[in-house]
Every structure is written in C-alpha cells, then in structure tokens.
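Enquirer: One line per chain: the protein sequences are A and B, in this order. Position 274 of the first sequence, counting from 1, maps to 274 under my numbering, and the rest follow consecutively. Position 217 of the second sequence, counting from 1, maps to 217 under my numbering, and the rest follow consecutively.
Rather than coming from a laboratory, the hints here were simulated on the basis of the structure. Remember, it's a predicted structure, so these values are computed and weren't measured experimentally. Honestly, I wouldn't trust all of these hints.
[Stated by the list, open to error] Below are the DSSO-like pairs computed for lysine-lysine, each with C-alpha atoms no more than 30 Å apart in a straight line:
#	chain 1	residue 1	chain 2	residue 2
1	A	Lys68	B	Lys153
2	B	Lys153	A	Lys72
3	A	Lys83	B	Lys153
4	A	Lys68	B	Lys363
5	A	Lys107	A	Lys72
6	B	Lys153	B	Lys107
7	A	Lys16	A	Lys363
8	B	Lys107	A	Lys290
9	B	Lys286	A	Lys290
Protein chains: 2
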Amino acid sequence: MQYDLIANSGKARFGKITTTRAEIPTPVFIPVGTRGTVKTLSNEELRAFGARIILGNTYHLYLRPGHKLIEKLGGLHKFSGWKGSFLTDSGGYQLFSLKALNKIDDKGVDFQSHIDGSRHRFTPADVIDIQISMGADIIMPLDVCTPYPVDEKTSEKDMKRTIGWFGLSNSRFIEKGGHEKGQDLLPIVQGATYIDQRMYCLEELLKFDAPGIAIGGLSVGEPKEDRQRILENILPHFPDDKLRYLMGVGTPEDILEAVEMGIDMFDCVIPTRNARNGTLFTRHGKMIIKAARYAEDQRPVDEECPCTACRGYSRAFIRHLLSVGEILGLRLASVHNVYFYLNLMERIREAIEQERYPEFKTKCMADLARGCEEI
Amino acid sequence: MQYDLIANSGKARFGKITTTRAEIPTPVFIPVGTRGTVKTLSNEELRAFGARIILGNTYHLYLRPGHKLIEKLGGLHKFSGWKGSFLTDSGGYQLFSLKALNKIDDKGVDFQSHIDGSRHRFTPADVIDIQISMGADIIMPLDVCTPYPVDEKTSEKDMKRTIGWFGLSNSRFIEKGGHEKGQDLLPIVQGATYIDQRMYCLEELLKFDAPGIAIGGLSVGEPKEDRQRILENILPHFPDDKLRYLMGVGTPEDILEAVEMGIDMFDCVIPTRNARNGTLFTRHGKMIIKAARYAEDQRPVDEECPCTACRGYSRAFIRHLLSVGEILGLRLASVHNVYFYLNLMERIREAIEQERYPEFKTKCMADLARGCEEI
C-alpha cells in the first residue's frame, strides 16, 4: 500500500491510496461489511456507488465461516466476490464490547463466542495470522479498546499494552511475509482523552514506519469537544506522507470536521445501521422516514439525489416497506445512506482539490443543520 | 385486458395478455408481491428478469398501509413504483387460512387482523371496491377457499356460495366502472376434487363472459393425481379465447405439467419463500444450499445460469450469508429463484411457439429429476 498526498486545502488533504487491488482517492469512507458483506448491499451496488474498499471484521469472520475456510477458498476477495480492497479490523473492539466475557493479560485476550459461548484466545500474533491468511489488503493489529470514561492510570496501562502488542503484531507480520503478499499493517494510537498519552503512543508507533496511522478509542462516548481537542493536538504531529485513519467515525458532521483537521480515512456502521432503523441522511440532515408525516409523501427522500432509491421510490413507499418489515425497505434505505456517504466524500475530495474546503465545509454544515423539512 | 392465443403445441398454449400497462406473453408466472413488493427484490431487478406483472394481496394491503392511502397516492402502481401490471388477489385465501378468526355467511366474511386483532368485515362488493380503488389491472373476486380434505356436501355449498359471490362481485365491478378504468375481473372455479362440481361451477361462471377464468382451491394439500385428474377433465371445456389462470401453483414440475394441459398463468410463493429458506432451483432440481457439502464449493449455484447471483457469487459464499443471516443471502437466493422461474417460462413459451413442447417438457422433467449433484 502506498499513500500519496496530492493537494491541501487548509489542513484538509486530498490524496490517493494504492493497494494491489485498487486506487482509492482520499478522504475515503469505508463501508462496514462485518461478515464479508455490507449489510443488504451487493458488490455490484457498492462498486456502482464508487466504493473501492470495504471493511471486514476478524472476530466475526474467525467465528463464522472461519478464517481457515476463507483461506482455503482463496481469501476474502475470492470468497466474497468483492473486487476492490478489504481492510480487516482486528476484532479488538468487538472483544472489548463483550467485556464481561474476557480476560486480558500482556500476552492476549481470552473470550467466549457471542454465538455459542465457546472459549477462544487471541494473541496479537494470532490476529495477524488470521488476517494474513484471509488476504486482507490493510490489516489492523489487536489493540486494547479503552472504554469511556477511564482514569488516567488505566488508560496509560492500556495504551502501553497496545504499543507492546503492536510490536508483537509487527514482528509476526514481517515474519509471515505480509509485505511480500501486498498487505500492510497500520498501528493504532490509543490513550483515551489524555493528550500526553496520545502523543507518547504516536511517537512510539511512528518508530515502526508504517504507511499509515490509525486513531482508535474515539467516538466511544466521550464529549465531542474532547475528541476535537485530541485530534487538534495530535494531528499536527502526524507526518504528511502517512495515511491518517480515524476509526469508527462517524456522522456526516463528524467527518466534515475531521477532514478539516487532516483525517484521510473513516469507517462507521452509521449509514447502514441507521438505514435499517429508518434514519436516512440528506443534505439537510436526518430524515426519520417512519414518522407519520411521510405516510403520504410522494416525493423521493431527496429530490436532488440520483441514487436508485430516490430515482424509483417515494418516501411513502419506503416508509410502508420499513413499517411492514419488507427487506426492500432495508435495501433502499441502505442504498440511499451509503450513496449519501460516498457522494459526500466525493464532494469533499473535489472541494479540497479545488482548494475551497473551508467554504465547502461551512456550507455543508449549515445545510445539514437546516433540517430535512426544507427539502 | 385482452387475451390472444397465438400458437399451440399439443394442448399447450402460447399467447399474449394485453393490459393498459403491459404486453404479457403467456404462459406466464406472476411473482408474488403480497405487500406491494416481491420479497427482497427491487422493481428494477424484476423488470430486468423479464417480469411484466406481479401480484399484490388485497387482505394485506387493506390492513397496511390501507387501500385508502394507496388510492390517495394514485394507486398501487404509482405507490410502489412498479411500472408493469398488477394482479391483486382477493385475500380470500388469507382469510380462510386464518380460519379460526372468521365467521362466514352468504353476505361475506368477518375476520380479525393477524396484526392487531382488530375486527373487520369483507363483502364481495367491499373486495371489489378495494381493488378498484387501488387500481389493479387484474382483479380477483372474494371466493370461498375450501380446505382439503372436504366432504362433497360442504364443497358444494362453498362452491355455490363462490358463484353467488361472483355475481355480487361482477355487479359491483360493472357499477363502479372497472372496465372503463382498464381493469378486469376474473371468476374463480371452485369445487374441490369433485369433477361434477368443478364443471357446474365453470358453466355458471362462463355465463359472465370474463376474458379469463381462474382455477382456485388446488395445491391446498390434495394428492397430485387429484389435481391432474381435475385439470384434465375440466380444461377441455374452457373456451380457447379465454385466459386460464391456475392460482397458487407451483413447483417447476407442476408448472410444466399444467402448461401441457393448457394453463396460461400461474402465481406462487415457492420461488421467493424457498429462496429465503435456502432452497434454490436449478435445471437439475432443488439445491439445499445450507447443506455442509456446499461449504467449500466455489462454483456458482448453476454454472449455466446468467443471473446476477450466479455471475458474482459462489455456493460457499451464499451458504455463508444465509447461515449468518445476512440479507444479501436472501437477496441472492431470491434473485436466482425468480430468475429461474421467469427463464423457465421463457423457455416454455419458445418451445410451444416452435411446436416442440411435449419433447421440451419430457427433457425438462428428466433434467429436474436428475438431482443437482450433477451440476
């Protein structure tokens, strides 16, 4: 993987990731396909919306169908039919959100399957092995996902363990020839809301000279101001030539703000999960499509949106489909939201390339704040 | 609606239905879209597979979102975005399959909603009003859906009530100007497995001179031989110039056999319902895709099938998707099965047009009997 910075607009960055399978213009949003598939969508739809990379989850794929099976069938790309790139998350976040089931020590984490309660253990090396065997293009290491709120001491311990684990992960990655297979491993900066810890973690991880750096442990419940404060303080210390990946973020507003601070890559379940709950994104903010006011509304979700949901179906019909539990409702809502996110990223990139990102962002934020009654 | 018989091959008929919205070559299979949408599929997909008509259900649409709403929004076509024709089933079958909840008399049927238990009453005229207001192209009357097995006396009473109800339905249809609106009403022949009752019912219903005749109350649990015996005995008495609609049938084998006897139109939940249960249709019979033997099978469901599921995804991946409950699995299985059915009908029509239907059917049946281990 290679990252090239092409243009700036303020601190916002327009660039390009090149993997063996795809050229990915940045800033990029990665749709989440936990079990090897972005919920409700086909590969063809994702491709048509401009997606070049999707995210799979190590924890979920390890449990079902199992990484050995995926390896045997030629890897995640061949298995799923997805022709773009795959980033695989380490599963750390999943393990820690099933906290009660885990024992953690310096060597790794014990956990029970959320499916059948069976007992398993992941070491940092295991997680690398699994991802290498599945053939992911971008691999994430096992990290300690510190919850919010957390005291300074616990956070420091977790952060230092994350650094130690990255050392183990990186050694295993080199040993197993990940680079030669066209794969890359990105370290994850932890340190909760403590700037000095974040800085220490960043400095330690930069020593490994990976092509990009991820920021984890944000959007876990902390106030938005804390997140902004951390990003503002640490991002100036990120080298220009490395990709910056803000994990698990976020809303359209979150993305617009993080891009302004210099983030290049995002992933988040929001567009797909919200779709299934009936929350649709529009340029004028969220539309709760199941609200009674849309029962007789024959307009598309957004008249200016060219997605297949907006071209062929009305608010009233999508509301009906979701109300009675028809799968087409989940599909149309997901199509619209994922299209919205990917299109937002395209507009963001264009604005940066044309050196007008600050104005673009201000207008976008104002539009989003208007409320969807206006469209 | 107009039906034109174009060619015969034995008793099999190739023809054409013309509605105000579509030209529909026959024999035709109507995908079932109970709540205004064929489960998991988009209008665009159905159109691309060659569907020109889908089926909506009066009972379900009356309850949710309500026919008044659909009428207010310009009818079922405008509401759903489906640009082909709609046939709406009367809901009789649904009412009678919720038997315990109903009281039936000569004037109509009392029932409770399966959703909230609320009490409702349908008369034959109500059911016509609802379907006219929704703007269906082909309208089905309320009939008494006699269960199987049934004694001769009960069947006769039900059948005569069905005839009486059709009289009421037809009067209401004329009164409301259904014809002027481009709609048509088809009578339904009942009479269980009693040939004399079926014949009596047919003769009475032919007096109304509708452009087509439906056959109801089959595929409700009776032995296949009984169904064939009835069809063989009554079909020779159907006028050549009227469309023949066998309701709720069936498997590919059932369809091949009924076409041979002269049936023109079918509807059935089998392709979509079986898809969601993981049963896929192939030219060599059913494939239970969740079986362990497909876990590592990298071939498409059917190598010769050009559907989007077979072009982009393996048996192993579809099995994985269905095993973990991913919606894309339901979609791909439905895409494949509906494509299979519509493609089967296309091949059937071609064979009739080329006057080689008996050979075609014999070969198809032999292929289906082979078992999908062979592909």
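Enquirer: All hints, please: hold or fail.
Expert: Structure-based check of each hint:
1. For the suggested pair Lys68(A) and Lys153(B), the alpha carbons sit about 64 Å apart, so the restraint of at most 30 Å is broken.
2. Of the supplied pair hints, the one linking Lys153(B) and Lys72(A) is violated, its CA atoms being roughly 64 Å apart against a limit of 30 Å.
3. With a C-alpha separation of about 64 Å, the suggested pair Lys83(A) and Lys153(B) falls outside the 30 Å cut-off, and the hint is violated.
4. Between Lys68(A) and Lys363(B), the direct Cα distance comes to roughly 41 Å. Violation of the 30 Å bound is thereby established for this hinted pair.
5. A hinted pair counts as satisfied when its Cα atoms are at most 30 Å apart, and Lys107(A) with Lys72(A) qualifies at roughly 28 Å.
6. For a cut-off of 30 Å, the pair hint linking Lys153(B) to Lys107(B) stands: about 20 Å separates their Cα positions.
7. Straight-line distance between C-alpha atoms of Lys16(A) and Lys363(A) comes to about 25 Å, which keeps the hinted pair within the 30 Å bound.
8. Taking the CA atoms of Lys107(B) and Lys290(A), the gap is near 37 Å; set against the 30 Å cutoff, the hint is violated.
9. Proposed proximity of Lys286(B) and Lys290(A) is contradicted: the alpha carbons are some 39 Å apart, above 30 Å.
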